[in-house]
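> With the hints as your guide, set chain B onto chain A.
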Amino acid sequence: ILNVEQSPQSLHVQEGDSTNFTCSFPSSNFYALHWYRWETAKSPEALFVMTLNGDEKKKGRISATLNTKEGYSYLYIKGSQPEDSATYLCASHTGGFKTIFGAGTRLFVKA
Amino acid sequence: GAGVSQSPRYKVAKRGQDVALRCDPISGHVSLFWYQQALGQGPEFLTYFQNEAQLDKSGLPSDRFFAERPEGSVSTLKIQRTQQEDSAVYLCASSLGLAGTYEQYFGPGTRLTVT
Chain A
1 ILNVEQSPQS LHVQEGDSTN FTCSFPSSNF YALHWYRWET AKSPEALFVM
51 TLNGDEKKKG RISATLNTKE GYSYLYIKGS QPEDSATYLC ASHTGGFKTI
101 FGAGTRLFVK A
Chain B
112 GAGVSQSPRY KVAKRGQDVA LRCDPISGHV SLFWYQQALG QGPEFLTYFQ
162 NEAQLDKSGL PSDRFFAERP EGSVSTLKIQ RTQQEDSAVY LCASSLGLAG
212 TYEQYFGPGT RLTVT
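As you go down the protein sequences, you meet chains A and B in turn. Residue 65 in our numbering sits at position 65 of the first sequence, with consecutive numbering throughout. Residue 124 in our numbering sits at position 13 of the second sequence, with consecutive numbering throughout.
The set of hints was computed from the structure by calculation and includes no laboratory data. Among these hints, one or two may not hold up.
What the hints assert, rightly or not - Only part of the chain A face toward chain B is listed, based on derived beta-carbon distances under 10 angstroms:
{"#": "1", "residue": "Val49"}
{"#": "2", "residue": "Gly95"}
{"#": "3", "residue": "Ala103"}
Just so it is clear, CB atoms sit at the ideal spot from N, CA and C, and this is done for glycine as well.
Looking at chain A on its own, in the form it has when it is part of the complex (with noise of 0.2 angstroms):
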């Protein structure tokens, strides 16, 4: 993989399910695996920063983990709800400077 990649390119779930998606990203020197979520109107914020294989973080609903060898990440979402609505977006850093952002994922939660 060269690129960063995310799939599903959207997801329409119900208020309440649990939901994930997934994002590749070049395993070959591979520094650190950022997520944010991007409101629509709104600036991208932080959700993690993940550096090691197998690293696991969460907060609240939201978790996240990492496998650096094969070159993936899952973000969960445990019991969606609409203020969940946003664009998920992965970004991967090898070391040098530059941050590789993929299309992201578009969640739309109905109530």
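Only chain B this time, still in chain A's reference frame:
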């Protein structure tokens, strides 16, 4: 406290005009990034500053794009002789420490439309 601010928020330029986009990062933040975001895509890296030093400008699409951060705080992205393909949202972000290590704080972006 104050977050990252950008100005102007919207800019309409005629093709061939020069534009300057400003970013005020969070005070004390070492790193500053510029990104270009096209509709439906994630932010695309343009350039990175560590204090006043521009350490990576590999993402600047052409020599019409120029960025500076002369005193290690405010940064300006300048686009000369704008073209229609330059129409995009330009995002600025700053972080407390070195690139990759710390989360980035984003500004609201400048939406540039070239007519």
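> Please flag the earlier hints that this structure goes against, numbers listed from lowest up.
Result: no hint breaks.
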